[in-house]
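All chains should be modelled from the sequences, with the hints used to inform the complete structure.
Each protein sequence line maps, in turn, to chains A and B. If you read the first sequence in numbering that gives the first Met the number 0, its first letter stands for residue 0, the second for the next number, and so on. If you read the second sequence in numbering that gives the first Met the number 0, its first letter stands for residue 0, the second for the next number, and so on.
Treat the hints with caution; some may be incorrect.
[Stated by the list, open to error] Derived DEER-like restraints, expressed as beta-carbon distance ranges:
no.: 1; chain 1: B; residue 1: R469; chain 2: A; residue 2: D72; range: 48 to 58 Å
no.: 2; chain 1: B; residue 1: F471; chain 2: A; residue 2: W85; range: 51 to 61 Å
no.: 3; chain 1: B; residue 1: V540; chain 2: A; residue 2: L45; range: 31 to 41 Å
no.: 4; chain 1: B; residue 1: A373; chain 2: A; residue 2: R46; range: 33 to 43 Å
no.: 5; chain 1: B; residue 1: L391; chain 2: A; residue 2: L53; range: 20 to 30 Å
no.: 6; chain 1: B; residue 1: P387; chain 2: A; residue 2: L96; range: 20 to 30 Å
no.: 7; chain 1: A; residue 1: R46; chain 2: B; residue 2: R576; range: 30 to 40 Å
Think of the hints as simulated: they come from the structure by calculation, not from any bench. Keep in mind the model is a prediction, meaning the values are calculated, not measured. Ideal Cβ placement from N, Cα and C applies to all residues, glycine included.
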Amino acid sequence: MMMAARGIFLACLLFLAPFTARAVQPDEIMADPRLEARARALSAELRCMVCERLQAGDSDDQIRAFLVRRYGDFILLRPPFTLETWLLWGAPFLVLLAGGCIILIARRRQQSFALANFLSEAERAKLDSLLARMDLEAAAPAANLCWKGSDSVRAFRLRLSKHEIHLFEMEILHDRKT
Amino acid sequence: MIVETGHYALVLALALALANSILPVWGSTTADRRLMAVAPPAALTGFCLVAYAYVALTVAHVVSDFSLVNVVENSHSAKPLIYKITGVWGNHEGSMLLWVLVLSLFAAAVALFSRSMPEDLRANVLAVQSWIAAAFLLFILLTSNPFARLAEAPAEGNDLNPLLQDPGLAIHPPLLYLGYVGLSITYSFAAAALISGRIDTVFARFVRPWTLIAWISLTLGIAMGSYWAYYTLGWGGFWFWDPVENASLMPWLAATALLHCTAVMEKREALKIWTIFLAILAFSLSLVGTFLVRSGVLTSVHSFASDPMRGVFILLILVIFIGGSFALFALRAGGLKQGGLFAPVSREGAIVLNNLILTTCCATVFTGTLYPLALEAVTGEKLSVGAPFFNLTFVPLFIPLFILMPFGQLLPWKRGDVLGVAQRLAAAFGAALIFMAVLAAWRGGPAVSVILSGVAFYVIAGSFVDLGRRLFGGGISAGIVSQRARGLPRHTFGTAFAHAGLGVTLLGLAATGWGVEKITALKPGDRVEIGPYELSFESVVPRNGPNYSELVGRTVIRAKGAVATTIEPATRFYPARGMNRSEAGIATLGLGQVYMSIADVAPNGVVNARIYWKPLVALIWIGALIMAFGGCLSLSDRSFRVGIARRARKAQAPSPQPAE
Chain A
0 MMMAARGIFL ACLLFLAPFT ARAVQPDEIM ADPRLEARAR ALSAELRCMV CERLQAGDSD
60 DQIRAFLVRR YGDFILLRPP FTLETWLLWG APFLVLLAGG CIILIARRRQ QSFALANFLS
120 EAERAKLDSL LARMDLEAAA PAANLCWKGS DSVRAFRLRL SKHEIHLFEM EILHDRKT
Chain B
0 MIVETGHYAL VLALALALAN SILPVWGSTT ADRRLMAVAP PAALTGFCLV AYAYVALTVA
60 HVVSDFSLVN VVENSHSAKP LIYKITGVWG NHEGSMLLWV LVLSLFAAAV ALFSRSMPED
120 LRANVLAVQS WIAAAFLLFI LLTSNPFARL AEAPAEGNDL NPLLQDPGLA IHPPLLYLGY
180 VGLSITYSFA AAALISGRID TVFARFVRPW TLIAWISLTL GIAMGSYWAY YTLGWGGFWF
240 WDPVENASLM PWLAATALLH CTAVMEKREA LKIWTIFLAI LAFSLSLVGT FLVRSGVLTS
300 VHSFASDPMR GVFILLILVI FIGGSFALFA LRAGGLKQGG LFAPVSREGA IVLNNLILTT
360 CCATVFTGTL YPLALEAVTG EKLSVGAPFF NLTFVPLFIP LFILMPFGQL LPWKRGDVLG
420 VAQRLAAAFG AALIFMAVLA AWRGGPAVSV ILSGVAFYVI AGSFVDLGRR LFGGGISAGI
480 VSQRARGLPR HTFGTAFAHA GLGVTLLGLA ATGWGVEKIT ALKPGDRVEI GPYELSFESV
540 VPRNGPNYSE LVGRTVIRAK GAVATTIEPA TRFYPARGMN RSEAGIATLG LGQVYMSIAD
600 VAPNGVVNAR IYWKPLVALI WIGALIMAFG GCLSLSDRSF RVGIARRARK AQAPSPQPAE
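The following block contains the structure:
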């Protein structure tokens, strides 16, 4: 169950902290009791770096910095944010962001595609009348809104807010259902 | 002799898989029905051959045939029969054989149970399944032959790793493999759909039950593995964010996402490209997991292999199958027609959000697991990515998912209304707040535990809001309710239970914050208070098992003076391997557990004991059982029993019944 690296690391932790009140954390105990016994025997002969520093009045950050200076970033189970780990820490945000963008793009494509391809004659008439009701006709020259092909759809999109397009779409969907 | 026939059966299975990789695809492209008809019987025969090879290896283990390297290295004549049987998959070669056995089992199941599937789709699915089978059979035969003989057989074997001599080994790997490898079917479906270019609701309807079967098995397998680690490793931890665990969590996350978006694809014909992508991704992650565990890239109890040849071979399989399928995907996805429209606030929209979060979770686990390996390979720098990283990234991602889960259940298809749904959830939300206030006043304790418990309560209550309204909305009488219950589709119940199960697991996880631990030296006669219980350590008794000797620390647990139960934590010594193993003493009291493990037994009977009181801990695994139960309910739904509707229609067609 445990990686060897983790085992070694935990053993390190055990060397470093044998004398504090909660010296042995449950997850620092090794799976194999024989290894556990050896780790304890070894740690009895090693200084407790963390305890010494704590007694010297160092802050948590100072102690962490001290350990990293001696043993490198490998000693930290929570890797620091550095040039080498920005991708590790940034991955969740990047994926979330990329996913969000993909969803937005797919949605826009789907909407324009749907409006361009799925409107029947009657629905186009309905859309025209809706448009007229919203009094956009004055602003939009009728020539631009012939509801065929993607260019006019794009023109249509430019003139209407996303919310308005959504309203149209929903109204038409509603009509289809009833 | 049976060993050689087993080996031969495996070679035959490879030849058959190779033939079955080509003929059905050829048949489907040339519309030759005879060639397409080759696939089902070939899949069944392939399964029989692999099963025979598997039985042959099992027989060798059961009779302790020490002329086999595999048996010598992993068995012992004194080992109990159950571990002789389960020990077959407790080693690299045997577990790969189990892998292929499950793979061919799923192929055979498709051949048997999907008769109503379109002929070309079925032929292609079975062909793709055969590609995977051929690759892994080749892997076994070339690098991991379980049937290798020794020139001179030793009198005794080396025994199985004591950590694996546990009932957990009997259940955990087969379940996990059913899930892991079961996802191969969704992959084969996706690849077949891409090959034939037919990606529609038919595809979604046929792929759903298989995804669900894999998901149920994976859920149970992961839970079982976690419980096994909990009681054998001796410190009461149940999830370590170990790469091997992550390897099983990633496919689970992807399968969960897939399960939801196939529903959208089937009902609304939307999200087609995404569904195909996820289907490929889920099995790709299973392959990555197999690579991580089997290649020896990571060294742990699970990684028996240390032969680099194996690692390179699996990596090659990985590249061919993942790369190939994504190339095919890139080629075909552009030509897919857009499906049904939906508003952002709708059931579909909620599932899109669910998929976004689950995929991000999956990507987080993926980077966290592989980053240290990648960094070391590129810069030589060593890095540790441990539990603190995952707690900081994974947990904040999952909490919004919990909050949104009941919303998704209540939103209608196409277009919904957030405020309306929020109103319906207000009761669940209010109850959760009261629950939190009561917990804070009664138990106090860490704020995180209180908050997470509240979220869990809200999820559990919210999961049943939809069901409750449908059953009890309007007039309430026993007759009406039972009539309505019969009228509701079973997948409605399934969804409610699966979601609530996740909430139950969260409650168990949240309650770990109220746990109590004591690490102390005990001598017989000592008493220890732990949580609401008092433990008295009575005596240390030596005992002998079939292939081990143990020292048992008899301990009586008392609740308010009355004896509740007795536990027997032990340390075991296995002479064949010269290894120790601790056996925790666990008493389940209510939903909590008293957990005790002992070590370093001194001649005067003094032991080092670790004692824990873990309130509600059982809920972690009970939650998983409820999730799986929900999955089974959905699976039993008519709409999931593929082909029934079709068959019924066929039967009805010649003689239409008159209307009443």
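Structure-based check of each hint:
The hint said 48 to 58 Å for the Cβ distance between B/R469 and A/D72, and at roughly 55 Å that hint holds. Taken as a hint, the range 51 to 61 Å holds for the pair B/F471 and A/W85, whose Cβ atoms sit roughly 53 Å apart. In this structure the hint that B/V540 and A/L45 lie 31 to 41 Å apart at CB holds, the actual value being about 36 Å. Separated by about 35 Å at the C-beta atoms, B/A373 and A/R46 satisfy the suggested range of 33 to 43 Å.
Roughly 24 Å separates the CB atoms of B/L391 and A/L53, a value that falls within the hinted 20 to 30 Å. Range check, B/P387 to A/L96: Cβ separation about 24 Å, and the 20 to 30 Å hint holds. Our hint of 30 to 40 Å for A/R46 and B/R576 holds, since their Cβ atoms are close to 35 Å apart.
Consistency note: the structure conflicts with none of the earlier hints.
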